[in-house]
Amino acid sequence: MNTTAPAATDSAPALVEGRGDVSAAVVDSLRTGRPPAHDPAALLRADPWGEDLQLALHLLYELHYRGFAGVDDDREWDPDLLRLRRGLETRFLHALRTGLHDAPRSAEEAFAPLLVEPVDLSGSVSRHLETDGELWQLREYAALRSLYHLKEADPHLWVVPRLTGRAKAGMVAVEYDEFGAGRAERIHARLFAALMADLDLDPSYGAHLDRAPAVLLATVNLMSLFGLHRALRGALVGHFACVEITSSPGSRRLAAAMRRCGAGPAAEHFYAEHVEADAVHEQVVRREVVGGLLAEEPELEPDVAFGCAATVLLEDRLGAHVLTAWTEGRSALRTTGGSAAPAVVRA
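Counting in my numbering, the final residue of the sequence shown is number 347, and the numbers go up one at a time with none missing.
Hints were generated in silico from the structure; no laboratory data involved. We put the beta carbon where it would ideally sit given N, CA and C, even for glycine. The reader is advised that the hints may include incorrect statements.
Said to hold, decoys possible - Per label pair, the in silico range of CB-to-CB distance: (1) 115 - 33: 18 to 26 Å; (2) 37 - 131: 47 to 55 Å; (3) 334 - 66: 15 to 23 Å.
Please work from the sequences and hints to get the whole structure.
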């Protein structure tokens, strides 16, 4: 099986156009090197769930990952951009906390519903793809998820220096698997790039950003928000545990969907790889990472619960968006002046 990603996967992506006053100011600032020129009122007007704010936040977070072609690496710590990012994060966090005002505050209460697969899977994207999905829908799903999977596990590494003892050891053990257990060709981001090639999609890092709607960007931004703030380390652990607990059943369904639609061996392999691995990871994360963290810092339990609840909230919003679009016979991707079909792999 060829799991080698094209060289372009490892390069910095090109900037995209803004989707409103704030994101346009960020794009202009990154292109010109000048401070972001935006009306402060525009930030207050921006919908915390909307295209403008979520894209602006995503662009600023990406400076901590691959950056952008033609943008000086020093902009990562530009004080004007960091000040703007802080304002965007405040709006996003407020919206999350408002939406989760009645969410569980204990880890046990937050995780308990996730430990048993629901009987009714009618709102599940992976269930739809397993039973009724078409190849074009698998391609759209992969294009959307590529914004995270092409840097899979990177946001979670931010928390490692902020953990100690059992929590640190457990987190590193799981991350070791995510990064290929010492084999570059087994890095999960590389495996996902091979999946995209099987689906005739461009596997370059950030290639599908312009087609990703705000509801998807929010799920990726959440990881960076939690990962980049030491004060939110408990929330990051809650997010990570939520992902690992729910990954194995969803991956099983997606592997079956890839097989049923004839997507290709690499496409099926990516999800098959996660079925067994994440079932093991779940136990390590719950017992060692969550358990270890709360043994040392029990005051972080409400944050762990919040991280889990926020993940569920955003994944539910994304699932509803995708299934509504497909039920209505339209693309779940943003239309950017032409066809909304995801870009095919480059020759």
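We went through each hint and held it up to the structure:
no. : hint                 : in the structure
1   : 115 - 33: 18 to 26 Å : violated, 50 Å
2   : 37 - 131: 47 to 55 Å : holds, 50 Å
3   : 334 - 66: 15 to 23 Å : holds, 21 Å
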